[in-house]
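Asks: Sequences and hints are given; from them, build the entire structure.
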Amino acid sequence: YVGVGDGGGAGDTAGNAQNTDTLLGKILRIDPAGAALGTPYAIPADNPFAKKGGYRPEIYALGMRNPWGLAFDSQNRLWCADVGQDLWEEINRITSGGNYGWSYREGTKPFPKRTDAAPEGTVFIDPIHEYNHAAGLSITGGFVYTGSKVPELKNRYIYGDYRFGTVWA
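With the working numbering as the guide, the letters of the sequence shown map in order to residues 1327 to 1495.
A portion of the hints provided could be inaccurate.
Unchecked claim - In the DMTMM-like style, the derived pairs of lysine to aspartate or glutamate whose C-alpha atoms are separated by at most 20 Å in a straight line are: (1) K1435 / E1456; (2) K1435 / D1452; (3) K1378 / D1357; (4) K1435 / D1412; (5) K1439 / D1412; (6) K1475 / D1399; (7) K1377 / D1357; (8) K1378 / D1347; (9) K1480 / D1399; (10) K1475 / D1487; (11) K1377 / D1347.
Hints listed in this document are in silico derivations from the structure and should not be mistaken for laboratory results.
Replies: What follows is the structure, given as structure tokens:
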């Protein structure tokens, strides 16, 4: 699993995060161990777009701005912190084939610099949690704590904010 940012340019001006023909702005799933001779990696057969035309087969999920920290929990759920641009930082639980909305929205809110509407029928997955830039400016992904030494944190996602140095669960 590889988190790839949208390629820069404020507001995803190239539209990479929603473009299914580029790897930018996505969570990718590849198999380096299964690579054929002369290829850097294989595509897992059960990738959501492995056999769907119009999509790069490496794409596992799309609509990411700057995924920063991927982590699986004990239930094999994939968590991802996505660094926002202007107003919102977000935590997502990534699902196969999911679309997390960037750059039509930032967190659960419409992204004000994007004036066109998402294509009809597009479904976005809401973040598990979001916080605005009054609380922090650059989410740094974490992990789900499963230990026993701090019972209050058991099964909670622990993450921080790079800019403010704050840690939350």
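Asks: If a hint holds in the structure, say so; if it doesn't, say that too.
Replies: Each hint tested on the structure:
1. Under the criterion of a C-alpha separation no larger than 20 Å, the hint pairing K1435 with E1456 is consistent with the structure, at around 10 Å.
2. Distance restraint check for K1435 and D1452: the Cα-Cα separation of roughly 10 Å lies within the 20 Å cut-off, and the hinted pair is therefore satisfied.
3. Distance check on the hinted pair: K1378 and D1357 sit about 18 Å apart at the alpha-carbon level, within 20 Å; holds.
4. Restraint check for K1435 and D1412: the C-alpha separation of about 11 Å stays at or below 20 Å, so the hint holds.
5. Simply put, K1439 and D1412 have alpha-carbon atoms about 10 Å apart, close enough for the 20 Å limit, and the pair holds.
6. At roughly 17 Å between alpha-carbon atoms, K1475 and D1399 fall within 20 Å of each other, so this suggested pair holds.
7. Between the alpha carbons of K1377 and D1357 the distance comes to roughly 16 Å, so the proposed pair stays at or under 20 Å and holds.
8. Of the supplied pair hints, the one linking K1378 and D1347 holds, its CA atoms being roughly 12 Å apart against a limit of 20 Å.
9. Note on K1480 and D1399: the hinted pairing holds, with a Cα-Cα distance of about 12 Å set against a maximum of 20 Å.
10. Of the pairs offered as hints, the one joining K1475 and D1487 is violated, with about 24 Å between alpha carbons and a cut-off of 20 Å exceeded.
11. Only pairs whose Cα atoms come within 20 Å are accepted, and K1377 paired with D1347 is accepted, the gap being roughly 14 Å.
When held up to the earlier numbered hints, the structure conflicts with hint 10 and nothing else.
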